[in-house]
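Chemist: Sequence:
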Amino acid sequence: MTDLDDLDRRLLAALQLDGRASAGALGRALGLSQPATWRRVRRLEEAGVLRARKVRLNKAALGFGVTVFLGVKLAGRGHVSLDDFERAVSAIPEVQLVQHVLGRYDYRLRVVARDLPDFERVLRRRIMPLPGVGDVESNVLLSEERRPGPIGV
0 MTDLDDLDRR LLAALQLDGR ASAGALGRAL GLSQPATWRR VRRLEEAGVL RARKVRLNKA
60 ALGFGVTVFL GVKLAGRGHV SLDDFERAVS AIPEVQLVQH VLGRYDYRLR VVARDLPDFE
120 RVLRRRIMPL PGVGDVESNV LLSEERRPGP IGV
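Okay, so the sequence shown: first residue is 0 according to our numbering, each after it adds one.
Worth flagging that the hints you see were computed from the coordinates, not collected in a lab.
Please read all numbers here as calculations on a predicted model, not as lab measurements.
C-beta atoms are modelled at their ideal positions from N, C-alpha and C, and glycine is treated no differently.
A few of these clues could be false.
[Stated by the list, open to error] Cβ pair distances, simulated, as ranges: (1) Asp114 to Ala28: 31 to 41 Å; (2) Arg42 to Gly64: 32 to 42 Å; (3) Pro128 to Leu16: 32 to 42 Å; (4) Ser137 to Ala24: 34 to 44 Å; (5) Glu44 to Asp117: 33 to 43 Å; (6) Ser137 to Asn57: 21 to 31 Å; (7) Leu3 to Asp117: 38 to 48 Å; (8) Asp17 to Leu81: 32 to 42 Å; (9) Asn57 to Arg146: 17 to 27 Å; (10) Arg146 to Ser80: 32 to 42 Å; (11) Val54 to Asp83: 27 to 37 Å; (12) Arg113 to Gly30: 38 to 48 Å.
Construct the entire structure; sequences and hints are all you get.
Modeler: Structure below.
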């Protein structure tokens, strides 16, 4: 783990809000010069703390009006490899995120769809037939607010 000072934490929080912000804009917000800010960004990248600066797409503007978090419990884990399930579910374009978790379910998926009938189609035709899928639970996203955590994560 890299030691993070207050400026690093503020830099990470700013990048989470706008990953495309220039070093100059970030520096002005932090009270640093552009070269000093760039050095901090590079150091955080090299340390593996800052993995990527991504553009977030507006799902609704692209025609995906529904986001569903899907809990998936595998049936008879000995009969299907976790790698096989992960590979198969990751190949479904509507599945944006695959998380292997502890708790009631084995996996948590973030699935986007045009509307609820489209989600039902994805669930019935693409997810439920996957190897090892047992129980599933759907939670439809109503609203979302993105905020950085206390150390910018």
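Chemist: Confirm or reject each hint.
Modeler: Each hint tested on the structure:
A hinted range of 31 to 41 Å for the beta carbons of Asp114 and Ala28 is consistent with their spacing of about 39 Å. Between Arg42 and Gly64 the beta carbon distance is about 40 Å. The supplied range of 32 to 42 Å therefore holds. In this structure, Pro128 and Leu16 meet the distance hint of 32 to 42 Å, their C-beta atoms being roughly 40 Å apart. For the pair Ser137 and Ala24, the supplied restraint of 34 to 44 Å holds, since their beta-carbon distance comes to about 40 Å.
As the Cβ distance of Glu44 to Asp117 is approximately 38 Å, the hint placing it in 33 to 43 Å holds. Taking 21 to 31 Å as the suggested C-beta distance range, the pair Ser137 and Asn57 conforms, at roughly 23 Å. For the pair Leu3 and Asp117, the supplied restraint of 38 to 48 Å holds, since their beta-carbon distance comes to about 42 Å. Distance hint check for Asp17 and Leu81: the Cβ-Cβ separation is about 36 Å, which falls inside the suggested range of 32 to 42 Å.
A beta carbon spacing of about 18 Å between Asn57 and Arg146 agrees with the range 17 to 27 Å that was offered as a hint. The hint said 32 to 42 Å for the Cβ distance between Arg146 and Ser80, and at roughly 37 Å that hint holds. Between Val54 and Asp83 the CB atoms are about 31 Å apart, so this pair conforms to the stated range of 27 to 37 Å. Between Arg113 and Gly30 the beta carbons are some 45 Å apart, a value that agrees with the proposed interval 38 to 48 Å.
Violated hints: none; the structure is consistent with every hint.
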